[in-house]
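Enquirer: In the order they appear, the protein sequences are chains C and P. The first sequence maps to residues 1 to 366 in this note's numbering. The second sequence maps to residues 1 to 145 in this note's numbering.
Derived from the structure by calculation, the hints contain no laboratory data. You can trust all of the hints, since none of them are fake.
Chain P side only, calculated, beta carbon under 8 Å to chain C, not exhaustive:
hint: 1; residue: Val47
hint: 2; residue: Ser48
hint: 3; residue: Pro95
hint: 4; residue: Gly96
hint: 5; residue: Phe142
Over 10 Å on every C-beta distance to chain P, these chain C residues come out as not near it, computed from the model:
hint: 6; residue: Ser121
hint: 7; residue: Val128
hint: 8; residue: Lys229
hint: 9; residue: Tyr241
hint: 10; residue: Val307
hint: 11; residue: Phe331
hint: 12; residue: Ile347
Glycine included, every Cβ here is placed at the ideal spot set by N, Cα and C.
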Amino acid sequence: MSETHTRHWRLIDTGVLRAAQNFAYNRALLECHQENRSPNTLRFLRFKPSALIGFHQDVRQEIYLDYCLENGIDVQRRLTGGGALYFDEGVLGWELYLDKKSLGTAQMPLIAEKICTAVASGLSQLGVDARFRPRNDIEIHGKKISGTGGAFDGDSILYQGTVLVDFDIEKMLNVLHIPVEKWSDKAINSARERITTLKEEMEHAPQLEEVKEQIARSIGDAFQVDLNKEDDLLEAEKTLYEQALNEIDSPDWIYQHNRPRDDSSIKESITKTPGGLIRIGMSVDKNRSHLKQIWITGDFFIKPRRVVLDLEAALKDTPLSEMETTVRNFFNRNHVEMLQLKPEDFISAIKKAMSDDTVTHQKVTS
Amino acid sequence: MGAVRGCNFPEDLLYNVENNVWVRRESDGTATVGLTSYACSLAGQIVSYTPKKVGKSVKKDKSCATVESGKWVGPAKTPVAGEIVAINEAVAANPGLINEDPYGEGWLVKIKPDNWDADSADLKTGDEALAAFEAKMEADGFGGC
Chain C
1 MSETHTRHWR LIDTGVLRAA QNFAYNRALL ECHQENRSPN TLRFLRFKPS ALIGFHQDVR
61 QEIYLDYCLE NGIDVQRRLT GGGALYFDEG VLGWELYLDK KSLGTAQMPL IAEKICTAVA
121 SGLSQLGVDA RFRPRNDIEI HGKKISGTGG AFDGDSILYQ GTVLVDFDIE KMLNVLHIPV
181 EKWSDKAINS ARERITTLKE EMEHAPQLEE VKEQIARSIG DAFQVDLNKE DDLLEAEKTL
241 YEQALNEIDS PDWIYQHNRP RDDSSIKESI TKTPGGLIRI GMSVDKNRSH LKQIWITGDF
301 FIKPRRVVLD LEAALKDTPL SEMETTVRNF FNRNHVEMLQ LKPEDFISAI KKAMSDDTVT
361 HQKVTS
Chain P
1 MGAVRGCNFP EDLLYNVENN VWVRRESDGT ATVGLTSYAC SLAGQIVSYT PKKVGKSVKK
61 DKSCATVESG KWVGPAKTPV AGEIVAINEA VAANPGLINE DPYGEGWLVK IKPDNWDADS
121 ADLKTGDEAL AAFEAKMEAD GFGGC
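Whole structure, please, built from the sequences with the hints as guidance.
Expert: Written out as structure tokens, the structure is:
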């Protein structure tokens, strides 16, 4: 049972909205919070089917725009960082508007950890083993169930994430450029090894209200606050929302940052090692010299198996110059059993993919 | 070079401590703006940098560039108002330069100030800046760079 606390935060639930409306709320609520007009707030939100790119991303580099347009999928740019994602009604969104003082730290990675740990604990109340995984995921047995990202302005932060309740993985592969092996028809299986849903873990889709209740309770406990449900927004928030919607619900906002498409590319490699074959698929932002996302597959022996997924998570959004250090640190930190396989083999396989010149944006399923 | 809790703060720069940014007036009258080493330490590895466009006017204490680190997006707020006259192409190609050399190669924008004297009057420098950063770190619960 939750205790009663002396501090109160607001809880709002805006239901299913278009992506532009959801992000207009992001801007309005963060701005009002920064001006001390809005209280600390937990919001639950859902989306009509949408392809959502991170603040610094480019639409055409991240998503199959034609597919989205043909299938009535909204395309929008978030205010928060991180990668592209596909959202539909089977995904629950949650977000917090807080001042750094409520968090006891101003260090961004620690803030992310604290919030994700609280949300993971709420999900675990549903009978699954959900945990925070650095830097920004919540996972169940190594499979991602929630991705998160944030924005800040002064002492105010907005931190938001997903919970995959009942999710169409095939559709996601049609929408997003994901570094799956182009030579393989195993894209969906690869995705299922990396992503899970509450429906899959619980063997039935839970009631959304139950999921929300557990997350809210767990956040209340983690930050020692009571959450008070409110149905209406403040007048100042509504006014800012209308202004923000005007700007965000426009091609100028969505398609900004356009760069030539080959600035970001999917690179691949197959490397034979004494321990087996390592296949690398990764997306790289050449303009900013960083590795955005990587999938590592192959027939090598490694135990526990989730190590590969954790290594993928550790390498997400890493400058290429830091890749080698990140891999070495990862293996130094984790106890891993491998047969004739060394950390250097992963480094070599990734380096080989880095020198791959074929730019591919091949659609895997249709 | 001054230092607070392991973070460097060159004593010849002017700082807006609240916004964690520095500014330096160059001999040609322009002002170079950047993030402090403390801001970089709070953010972690920076992976994206989007400055306002050259020719655009920016207001004092409003965003002159947006940076992203570990999925966090936030504005860098210029300590002086004016027109953006240069952005940093080297940082665009390698945003990690901001972490590596925040007071040198990792600068964010150069601005032609509208009113340098008025805007710089409330900025802190030298020992006064170091004391203000110490107070901010204390309030932020920050262990050290």
